[in-house]
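Chain by chain, the residues run as shown.
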Amino acid sequence: MSENMDKLEDYRDQMINCGHCAGCSVFNWWTLNKWIACCPSGKKFGFLSYYATGRVELGRALLEEEIEPQDVEALKKIAYACPVCGACTIQCLEFKEMDNVAVIETLRARIIELGFGALPEHEKIRANIANVNNPYGEPHEERFSWLPEGITPDNQAEIAYFVGCTSAYREQELAKAAVKILNKAGIPFQLLESDEYCCGSPLLRIGFREQAIEIAKHNVEAIRNRGIKKMIFSCAGCYRTFKEDYPKMVGDLGFEVEHITQYLNTLLKEGKLELKNPLNVVVTYHDPCHMGRHIVLKKGKVGIFDEPRRLLQAISGLTLNEMVRIRENAWCCGAGGGVKSAFKDFALDTAIDRLDEAVTTGAQILVSACPFCRRNLMDAIKAKSENIVYKDVLELLEEAME
Amino acid sequence: MADEAILKEEFEAIVGPDRVSIEGPVLIAYERDQHWPFVAPMRPGIVVQPISTEEVQQILRIANEKKIPVVPMSRGVNVRGLCVPEKEGSIMLDLRLMNHILEINTEMMTATIEPGVTHGQLQIAAREKGCRICIPGAPATGSLLANYMLRGVYHSIAGDGVDQVLSAEIVLPNGDLLKTGSLSFPNAPPHWRYTSGPDFVGLFQSNPGTMGVCTKMTVKLYPMSEHEVWFMVAYNTIEEVISIIPPLMWAQIPTVLWVLPQFTVIKLFAKSTKDLDKLRGTFPEFTIPITIEGPKEIVEVKAKLAHEIINKTCPPISGGKPVVPPPANFVKEFMYPRRILGFLRQGSYHALAYWGPLNKYPEYYAMMKDNGEAAGYPREQVDLLASPVAGFHGQACYYEAEVPYSSAKPETVEMVKKFHFQTLKDLVTIGIYGWFRPFQHPMQIVLDQLGTYGQLWQNIMKLVDPNGIMNPGKVFPIKKEEE
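Chains as they are written, first to last, in this note's numbering: chain V, 1 to 402; chain F, 1 to 483.
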């Protein structure tokens, strides 16, 4: 099975040595000069168990067979009530170099291996992906129904755009903006068509590793067979999965992986991205965890923080007002890690927290670069009836292009 | 219905259903801390999170009536197992939601806080109002109330000793509310420690949740310094180090003065575990950061005087220069402690801390190196840092022995235990002022030698807590008949 993937045992020594210092529960107070809690789960549920420290103790307890049969449901609730945003890990890297994201994901994988099962909402996601290759249970053949008329992918192109399930079925404006930009910039690109399956991110975050590996093999083989040299992604989750997880699951991919904001930065530098329409708007930018913190977690790697900002700042007339909690210290939107499906109130509360901060910047538009953040933040806007709209970086860029 | 389930219902009636739990996976997080090789893990029977003094009172009344042990936890950041239950079925009183700064009074230079307020939280809030706290030499994530109540060691105000508490509100084990200092007087504000009678704050200090639950505290604030000078001097022998400290303290020059052995400095500077070994040997044996604060003219005079005292008493090495400025992060560390969390990088953090006179530093140091070696440590891995805490004789010091170990490696656990227990005995033989925190192992060693002081202390505890419900076993061992 997943011989190359980490196991809970790999973190045994670190878990035993967790100092309970709580450094993982607060954003970097040296950087922010403010005292701000960083863990959405801890903030929502309160008990120590819902912070990284508590989940680390759960991992240790599971290894040491302290979990009794009557504890399983509570164990699952704590293990899954976390968007795995990595805010805790970013802090701990400075002190103890413990990857709490990895601990939590391996804890979940162990829960599945032990046959405890995931939460019912997660089991449904697993079944949907097994049946129709996407977590929403939508027909596979409708995956590209959003493709605008007049845009024709080029099956000989060396670059391919991986749409991802959320943009394909739920946030189609984002996918449309992506292909329109490529089209306007004159970049030939492929789509994987019926070969594109879910990237496997929801499966990996929940702990269904075996199924994720099968999907990864399928996607990689399809990409290789098409002679693609570079895959670009508008979904932060798909990007993280291809970039960080696929190599562990299937070895060397044989093609490059870039988030579309990275790729568009290159086009911008080369003068191929002409942003001629001024947009006189004030925006603020939300950093998706999967393309920021989750990349920084891998030592020596730099998260995608600057690229989307550079693109926004290249738009004439646009003013970027930053929130306090940004980049490595960004507050999570609350949707990831299976939270949006299984803990709807928690996901919404976390997004409202972010929205409240966005509103304080005076921004008219809350911008990000991930369809899953988009969904959750838009739900928050709707719930609070705030006078602010959400747009993806790509939507603004597309508007700014002639 | 099981006892815990009945208790849960009773607590739910006080705090609501979301702030009580008896579920195993919720309780697991409270069953141990990184000190577990010394304090065995024990899972509490129930956890409850009050948000007000009134809720704490109601919870304690029930616990006292049923004689169920209560373990108060302000933030849970300690390295002594102080918040790990010693008795089955204990109530974990998790106070982290009581985290409000109730007042910052810039006229009185005080702050009134709840137990869940952290050092960092109040320091940042106070600085926004132009003042600051006395910074504990501990992670900024710790509870300031708990630190001040247990008496900490501080990164600032070296001449102001160890007491930062003005008044406190304490829920006694029977649920009654004790107010100390001026807070006890009718219509008086909480800003002064001394009232008509005895100083009850001192009576309740240095008791880790064993005399009641402190729910509110008014603490001292200090003005932001108009001007600061930071510098470091370094020496290669301990005798040189101790020669310069008393004259600096007598002259009331430093606001910060720490004697940091080589490896302690490295731990503060290292950005990764790899750095720890790389930096070894690149620092002198002892580095002494010194801060002078105040109006510019006074700071300049004091700095000049400090350099004269140092150079006249014992010229430092400091890499060929008499003094060197500390790196920016070092200065930051003393304002908002953060890098100290990196002390956990090598595994678990063992700190054996006590108060003692400066003139015994060489004897303590040699003994610890010997004990470390006997336990299996290379001599250079045994550190003993010191910080003078009282200006009047310049001798009273906080000491902290540090040796690395990993809780996950039984052989290193055995090493640290051997070092720890031998050193405790040897410290009593050499002579110290007292343990920094009265936790169970050190207290066991001196209990029979404390005489009337120890007996009276225990009698007072019994008077305040006749049912022995408050964090039993954390100062004095649990007697067989009490188990």
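Just so you know, these hints were derived from the structure itself, not from any lab.
Some hints could be false.
To be clear about the criterion: a stretch of chain F counts as covered by chain V if any three or more of its residues have a C-beta under 8 Å from a C-beta of chain V, and this derived list gives those stretches [unchecked claim]: (1) 73-83; (2) 340-354.
The calculated EDC-like cross-link candidates involving lysine to aspartate or glutamate, where the alpha carbons are at most 20 Å apart (straight line), are [said to hold, decoys possible]: (3) V:44 - F:400; (4) F:274 - V:252; (5) V:176 - V:386; (6) F:274 - V:94; (7) F:409 - V:306; (8) V:76 - F:18; (9) F:360 - F:400; (10) F:66 - F:9; (11) V:77 - F:18; (12) V:44 - F:23; (13) V:184 - V:210; (14) F:302 - F:277; (15) V:44 - F:12; (16) V:43 - F:300; (17) V:344 - V:73; (18) V:34 - V:356; (19) F:409 - V:252; (20) V:180 - V:274.
Computed, partial: chain F to chain V, Cβ under 10 Å [said to hold, decoys possible]: (21) 29; (22) 30; (23) 52; (24) 53; (25) 57; (26) 61; (27) 379.
No residue lacks a Cβ here, since even glycine has one placed at the ideal position from N, Cα and C.
Contradicted hints - numbers only
3, 4, 5, 7, 13, 14, 16, 19, 23, 24, 25, 26 and 27
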